[in-house]
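For this one, chain G is given, so just place chain Y on it according to the hints.
Here's the letter readout for the chains.
2 protein chains.
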Amino acid sequence: MPNQDSKHIVASYDRDLEAIQAQIMKMGGLVEAAVLDAAKSLERRDEELAEQVRAGDKAIDELEERVNEECARLLALRQPAATDLRTVLTVMKISANLERVGDYAKNMAKRTSVLVQMQPIDGASGAIRRMAKAVEGMMKDALDSYIQRDVELAQDVRMRDHEVDQMYNALFRQFLTFMMEDPRNITACMHLHFIAKNIERMGDHVTSIAEQVIYLATGEMPEDTRPKSDLTSFETTEVEG
Amino acid sequence: MPNQDSKHIVASYDRDLEAIQAQIMKMGGLVEAAVLDAAKSLERRDEELAEQVRAGDKAIDELEERVNEECARLLALRQPAATDLRTVLTVMKISANLERVGDYAKNMAKRTSVLVQMQPIDGASGAIRRMAKAVEGMMKDALDSYIQRDVELAQDVRMRDHEVDQMYNALFRQFLTFMMEDPRNITACMHLHFIAKNIERMGDHVTSIAEQVIYLATGEMPEDTRPKSDLTSFETTEVEG
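Chains G and Y, in that order, give the protein sequences.
The numbers in the UniProt record's numbering rise by one with no breaks, and the one at position 174 of the first sequence is 174.
The numbers in the UniProt record's numbering rise by one with no breaks, and the one at position 125 of the second sequence is 125.
Pulled out of the complex, with its shape left as it was, chain G reads as follows (with noise of 0.2 angstroms):
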């Protein structure tokens, strides 16, 4: 069949990766919304708010699967080649990053329904508010960088998860402080901690989709030259009495 009516196939493969973008952006609107919805109802204690996200996660999965599914047949069916090809892995790997995003804000939410049981931590909510934001931030970003195929964009993404990662660090060493301070700390502390983990990890997913715009948009992976993210496992604050 190929050669045979092609302008027709073209046309149809066009459409199909544009209904299966349309499914990547309806997916990417939900994770923003997960993730500022999940540091909100850790910052306003709001247990329903909490429930609301956790809930969510399952039409997010929903969606995953569907482009999932949408990309094989769309492979199976007009077996693009060459560029064509390269997007629809693309797009399976956007939609995997996402996902994972999802499930992050997941984790970040059933954690705040635990947290709201104990004593807050002084500022911590505040700052684990505004990591969350400049997440959501990337990942507007990354996914407009995508549908623009703007590579400045991607670029910019891949840049700015430095500064989650740097907020990440201090977020660390002021739970560790916290936690020495005052044992009573101790287990609010570690949800805290594994919070601002899965954000700085949320940041890592985001600079994933951002590299993969460029790897589409100039056949290249961008060398290994962003600045190297969680530094606490060369921590090694010791402490004192």
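FYI, nobody ran anything at the bench for these hints, they're computed from the structure.
Some clues are possibly wrong.
You can't tell identical chains apart in this list, so a pair holds if it fits in one copy or across any two.
[What the hints assert, rightly or not] Derived pair list, reagent style SDA-like, types lysine to any residue, alpha-carbon separation capped at 25 angstroms: (1) 133 <-> 82; (2) 58 <-> 220; (3) 140 <-> 119; (4) 140 <-> 120; (5) 58 <-> 204; (6) 93 <-> 46; (7) 197 <-> 116; (8) 58 <-> 215; (9) 58 <-> 222; (10) 197 <-> 96; (11) 40 <-> 219; (12) 93 <-> 122; (13) 93 <-> 160; (14) 58 <-> 219; (15) 197 <-> 127; (16) 93 <-> 127.
Relative to chain G, chain Y alone:
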């Protein structure tokens, strides 16, 4: 060209796929060794071995990149349909999961380099080694289940992830206790806790490989009947005094 010389095409598709599978198995071997060595370096406080694990991650990353490229090439050249297409997509997902497990092993080795400078925590590194060993066994079986298309073995791997989760939950409580007993343990326990959490996540990635195998063999993702994982987000252990 379709239907012309199709036997030849099928044969070369099989040959290509076999070459890619050989790389997946090589990758699996490297990742298994990295997980065991990372745990061993922690238990023996062996910085040199930890350094080797960190350096070795590059080879795993390169293999993943090669698998990705060769899968894309296979899709473009051979344009497989139906089951063959699904196999190629599964291979890509398996290699992505293996790469993530390798990352966690590297991260574990990084923290080992920090932990050797601190007072050891009683019994922790032995418990972590047992967790790592359990995950490594699951990984071996998950890859075997892929090669043999053995759904029963893949189901078994999924179920064993529950044991890893239980080991993690027990360690989480133990670390909380150590930190509360003596604030000088806090920094070391934070790192050890991260390591334990990372092994628990390795288990999730291995489980995801097993689920891919089930999907490949049966056409359906397993129902989510798997006993759920990290319970610490429901942890409400309040600290007395």
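Alpha-carbon proximity between residue 40 and residue 219, which holds within one copy, between copies, both or neither at 25 angstroms:
neither (39 angstroms within a copy, 40 angstroms between copies)
Could you figure out if residue 197 and residue 96 sit no more than 25 angstroms apart (CA to CA) within one copy, between two copies, both or neither?
The answer is both: 19 angstroms in one copy and 21 angstroms across copies each meet 25 angstroms.
State whether the alpha carbon distance between residue 197 and residue 127 is at most 25 angstroms within one copy, between copies, both, or neither.
Cα proximity of residue 197 and residue 127: in one copy and across copies (13 angstroms, 23 angstroms).
What label fits residue 58 with residue 215 when the C-alpha limit is 25 angstroms: within, between, both, or neither?
Result: close only across copies, 19 angstroms inter versus 30 angstroms intra.
Up to 25 angstroms between alpha-carbons, please classify residue 93 paired with residue 127: within, between, both or neither.
Neither, since 30 angstroms and 35 angstroms both go past 25 angstroms.
Within a copy, between copies, both or neither: which one fits residue 93 and residue 160 at a CA-CA cutoff of 25 angstroms?
within (21 angstroms within a copy, 28 angstroms between copies)
Given a CA cutoff of 25 angstroms, do residue 58 and residue 222 count as a within-copy pair, a between-copy pair, both, or neither?
Cα proximity of residue 58 and residue 222: across copies only (16 angstroms, versus 33 angstroms in one copy).
Is the C-alpha distance from residue 58 to residue 220 at most 25 angstroms within one copy, between copies, in both cases, or in neither?
between (34 angstroms within a copy, 18 angstroms between copies)
Intra- versus inter-subunit Cα pairing at 25 angstroms for residue 133 with residue 82
For residue 133 and residue 82, neither the intra-copy (37 angstroms) nor the inter-copy (42 angstroms) Cα distance is at most 25 angstroms.
Within, between, both or neither, where residue 58 and residue 219 count as close if Cα-Cα is 25 angstroms or less
between (34 angstroms within a copy, 21 angstroms between copies)
At most 25 angstroms between C-alpha atoms: does residue 93 with residue 122 qualify within a copy, between copies, both, or neither?
Answer is neither: 38 angstroms inside a copy and 42 angstroms across each miss the 25 angstroms cutoff.
Homo-oligomer pair classification [residue 119, residue 140; C-alpha up to 25 angstroms]:
neither (34 angstroms within a copy, 44 angstroms between copies)
Violated hints, in rising order: 1, 3, 4, 6, 11, 12, 16; the structure is consistent with all others.
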